[in-house]
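Chains as they are written, first to last, in numbering that gives the first Met the number 0: chain A, 0 to 300; chain B, 0 to 307.
These aren't lab readings, by the way, just hints derived from the structure by calculation. Remember, predicted model here, so these are calculated numbers, not experimental data. The beta carbon of each residue, even a glycine, is placed where N, CA and C say it ideally should be. Treat each hint with caution, since some may be false.
As the list claims (entries may be wrong) - Derived list of chain A stretches under chain B, where covered just means 3 residues or more per stretch with a C-beta under 8 Å from a C-beta of chain B:
1. 205-212
2. 228-239
3. 291-297
Claimed, not checked - Cβ-to-Cβ under 10 Å is the rule here; a few derived chain B residues that face chain A:
4. S35
5. R192
6. G249
7. W277
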Amino acid sequence: MKAERNALSNAAAMIGLAGAGKSTFLAALYHVAESGQVPRALKLARMPALREHLERIRRDWLELTPQTRTTSNVLDQNVLEILSSSTASMPLFFPDLAGERLTALVEERTCSLELASLIRSLDRTLLFIHPDKVVEAYSIKDATELAARLQEIGGDPSRQPAESNGIADIDEQHGDSGEVEWTAEMVSTQVKLIELLQIVEDLSSGLNKIGIIISAWDRVDTDSLQPKAWLARRLPMLSQYLDVLSLQTEIEVFGVSAMGGDPENDRDRLLALSPEDRIKVVGAKSLDPRDITAPIKWLIG
Amino acid sequence: MPEHPSENTDETPRSSSEGQTVDFGQSGPERVEIFSGHALTTQEGNALAASVRTRVIALVGPIESGKTTLVLQLYEAFRKGRVQGCAFGGSRTLLGFEERCHLSRDESQGKTDDTERTKADAEEVLLHLRLLPPDAATAIDLAFWDLSGELFSAAGDSNEALEALPFLSTAYRVVMLLDGERLLDRAKRFSVRQQFFTLLRAAVEMGRFGLRTDIDVVFSKQDIVGKDERLSEAREFQRSIERECTERFGASLGRLSFHLIAARPEPDEGLRLLFQSWLNEKEASQVKPTTDYSRVLRQMDRFGARIS
């Protein structure tokens, strides 16, 4: 497997923080490319020789079962040999980098030689962002104003932003002054993602293409808001960073709903659809919104 | 936010023995170090400047005059959107910014906006921002040198301490802050002025400041000054400082300009315009011949030739 990977040029990887939806995307991508049910989508030239992981996440996706998390100390080797209309079969190495490992890269500032070696080989990447996992950093002034507004509209002012920013147990982090001591874990999602891209840029010798995948797009989908506009509104600093980076790197933003809705609350409706009909891709040039291979076409194009 | 994401985001770690996997974790003894993300030391600043042309903005002023708050509030403004049409293009010191912003953040569980004071013995003294001005084709790198208040006082008291400060001669811009709140106080305002002029005169006499030095004199904390009943008196005092500064030093320096700013609660128009001026190229007419040019070159050699 390693020899096969090393033989590939233009390596691409899926990156993102923990729980960003990478495995769900890969499962749907594998299914669409293998089944050939979506016309004009990329297709598999042949079944991957080693496919246990791919088949497992595909079954989970088909059954609307939560994906088990890619473990923090392994990196899955997913080689999809792709056929497209314009090229002969092309092997696409698609490592699904564990979100925890990438988060640790930002917070702990070291990585294994092997992970560094893999990142060095990259020249394009898909960065995943889950809308429900975006953690903000609020100033005391903003938080005070937010609490006042919540009180006005009958919300619960005791639910302060610090409670919702992913800090599990702040009591353990109090210093002598009664204030919580700073840790890198507290950094907001957009700053972590900028730092992750900077680290990947630094370790590789520059990326040629970065596709941004806003996963679970059904959570934020509105007729009026395109994925790029959502990114600028929700993660404005990351959006600026990508704008500046676009001077030297091709960047595209996609909204992808691989599930098509909430697998718990919307289960009956989703199960009534054929699996590929649940998919919705926004922001791609593909005419078929079910074509989840559209971001890959763009990435390898 | 709803609790149940529709894309499955995983609950159970999977065994590493399953599937087509290879260990990419922490088991190997050899690790690759990644740049720290914290503020840069002088040496790291020079290394950065050696790779990309970097403009050093030297922030100079007494303790609690608002130097760190000024740069942190600019960073906070970029977290929310563009500033003066300028886009954030990255930073080698994101964690440095985040750590310094902590006391003003809700997560600190503090009661009021606060800024951690820059320590005199801090070795990490430079905060970096890469920015793209509107309609520009290339980004500009700014490195903010945050001189601690203690070192400012020491430099006012001794030529040796003043000589030891890096960046003063080579900074793209020297920003000298006077604490606007202290200028309201009749008991303190004359000592504030004296400290400012002492450092300025000594730096000019020693050749640390010269015709290639552009100085922004900043009267900070105007959010407080503007609400105070002693406002008109403070304004008159501030204008007297401007007049004296221009008369005594205008001919010895490059560009000399004066600014009223409020960094809190948000950067006001004064700070935004000041920031915008750091992105402008120096006009040819501003770069006057200087008698201490060889000294400037020596300093540039010492601190990295590409720092401007």
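Next item on the list: Compare the structure with the hints numbered earlier in the document and write down the numbers of the violated ones, lowest to highest.
Entry: 1, 3, 5, 6 and 7
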